[in-house]
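Heads up: the sequence lines are chains D and C, in that order. All letters in the first sequence, in the order written, are residues 1 to 306 by this note's numbering. All letters in the second sequence, in the order written, are residues 307 to 818 by this note's numbering.
In case anyone wonders, no lab produced these hints; they're calculated from the structure. Be aware that one or more of the hints could be misleading.
[What the hints assert, rightly or not] Covered, in the sense of this in silico footprint (three residues per stretch, anywhere, with C-beta under 8 Å from a C-beta of chain C), are these stretches of chain D:
1) 84 to 94
2) 114 to 125
3) 198 to 209
4) 270 to 281
All C-beta atoms in this analysis are idealised placements derived from N, C-alpha and C, irrespective of residue type, glycine included.
Next come the chains, spelled out residue by residue.
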Amino acid sequence: MATILHNTMHILVAFTLPPLLLGIINRTKALFAGRVGPPLLQPYYDLIRLFQKGSVFSTTTTWVFRAGPVVGLVTVALAVLMIPLVGSNAPISFKGDLILLAYLLGLNRFFTASAALDTGSPFEGMGAAREVTYACLAEPAFFLGLLVLARLTGSLQLAEMLGDLLAPSHWRTAGASLFLVMLSWCIVLLVENCRIPFDDPNTHLELTMIHEVMVLDHSGPAFGMILYAASLKLFLFGALIVRIAIPFATGAMWFGWPVFLGGMFVVAVAIGVLESTMARVRLTHIPTLLVTACLLSGFGILTLVR
Amino acid sequence: MNSHEQFATLRNGETIPRGQIPQLAYLAFRRVILDGVDAGQRIAALFGDNPAGTDRVDLYAVLADKSNGQLHVGMTTLDAERFCSMTPECPQAHLFEREIAEQYGVHPDGHPWFKPVRFHASYRPGHDAWGRKPGEAPIIGVTDYYRVEGDEIHEVAVGPVHAGVIEPGHFRFQCYGEQVFHLEISLGYQHRGAERTLVGGPNKRTIHTVETVAGDTTIGHATAYCQAVEALAGCVVSRRADVLRGIFLELERLANHTGDLGALAGDVGFLPTASYCGRLRGDFLNLSALICGSRFGRGMVRPGGVSFDVDDARKKLALERLESALRDVQNAAELLFNSASVQARFEGTGTVTRETAVALGLVGPAARACGVPYDVRHDFPSGIFRFARPPMAISPDGDVFSRADIRWQEIRNSVAFIRDELPAISISDGPLRAEVGPMQPDHLAVSLVEGWRGEVCHIALTDAQGRFSRYKIVDPSFHNWTGLAMSLRDQQISDFPLCNKSFNLSYCGHDL
């Protein structure tokens, strides 16, 4: 009974909350700029608007272009169901599901980039090239971090690796490793979700975009799926960081959910503050930052095996 | 070389009878220009004319010598449909020669980059430099673009329709991965035929046409036009009107430079400065509106003087608003210049060397950011700038940082200038607007103004009735677009929007 209730709550939060995170980020940025800013629920309105529209498909595109948004959404949606948001269980959980997560994220990227290349537009090709180049460096950082967690918890099941087994018992003994992984994943979160300093989600300048430029040709519901999937992805990485950061057990529902939601709120505000206070880095310097993320995760392992 | 053949000399805002303009043979004309440029002069204008009722093409050149503040004017009559191009020896002539070829259907032999400028039909029907038939309308943007060949080279075409609300222009990048080998800029989409509508004037429409040659340089172009008309009519403008013109010119500079700093911040994703400067630009525009009722200064500058006075109450209010706007810009700019992440993006991006800037004849902030001290207010002063002028801003590096730095320096200098000059305006300094009589027949007048983008050059030729027979406008963008193309060499394609914003050139000013 408790599991059913928990899973229902998980699904509810994971599928309805993500656009709100974008709303909070935009609000924070507006506050810093001295503006009122869009309503908190604006991302939901945008999604509703997009889903009511028709779609336009270029005649030069193939099924790959149409499959891109669908695969993109399904893969992230599945991934979100594998992360334990509170306590130590998730709706989808089995031994070795870590591997599934890795491949879901890979499949997501593969289809987004393929759909972009399918249009034949020089912009989208450029964006796809950038995306996969940076992914080459962001993925090791992410997986090295998972390695740290696997070693600490002795498990390859995400629900255990990120659940109450992890932070409460290990912050005291392996705090340095966890802290390094958290930092590294913060960088991964920013690059995976095309936030400043890596990408500017607000820009209209195609030549500078990374992720946005890949989805220029999508419209209507397909574009809505992309935006929604993007917010799910932000939620996914936010949840990973929150789960590492909270150093006490969150098994009890009445306690766990508020703490988790509070953590997500802090992540969104932090992204908003960061975006309000710094500029984008030059595209050529992005690899430097990503290598830093890899090194952070790498040192996280070193401090464990010393 | 024929050393005794030379151009006539005049100063900014002066006029010369057409009969006294030295008429040289083409080769001598070409030699004088090339020697002048070698000696450090700039080509302020080089343009053709097809006198009414004839089939011949005259070329006029105005060289600007900043060492002594003199302008040299000369002309030639082409004796064939072709002439020997100066561009191989003097790159700053390249766009002028293409313009002459396009307008009058003559061919510059040996021009290395011979393509249309604005894609319009020749002004001399039956003569076309590209051999197009009369009545065959050229399609804008259709030309043979420079191409880099190779398996790993890709071409990115941007525009003429852009993602932002900006003017249309076509940009073609030859890229090797993220690296730009070459950028080609093709404009002409905004061509309205401004110069041709001015022929036969001045009439009721003239001043409005001039004010909208480039909407953001309303004061710059209107002042240049008025100086030319006043020179031709022998009208003396009162000091009071001169001061007001100077103040409006600086207000225009303030508004645009502030907007540019904000746009530069926006392009690197630095939100605070981007949002503040957007508002502050409006504050400076509103200062113009406070005095003349138009945010862009439309209707302010008129031949003979200015249309609106500023009373003591408005002076006080304007100064208060100016100070508070400067305070806010100071905060926004310091945020921008003190932020390491912004400086990392600005420094070393889009560098134009001093040599390139001189060779291309760049003007305005784009030139001063390359360490080229060229400022019409100093080198060819007219109006109030003969007596008082803001110090010249200079920044040596030629990169985006330097161009941002120039803007911030000039913002402070312009505020200081207005602060000094505005309170001193008094009724005893003469009438607001003097009577402008008829213009002298068969004269040529040259008028230069340092608009916020750089040198605005107007040249008026009158016919036997004292009406304009040819009116030439050179917007600073005309000189500077090539500078933007050069700044992208070997840069990252993702830095193009930033470089573009740091120049912030006018499409309509170029296209006329």
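Against the structure, the hints come out as follows:
1. 84 to 94: violated (count 0)
2. 114 to 125: Satisfied; 3 residues make the cut.
3. 198 to 209: With 8 residues closer than 8 Å to chain C, the segment 198 to 209 of chain D meets the three-residue bar; holds.
4. 270 to 281: Since 7 is at least three, the answer is holds.
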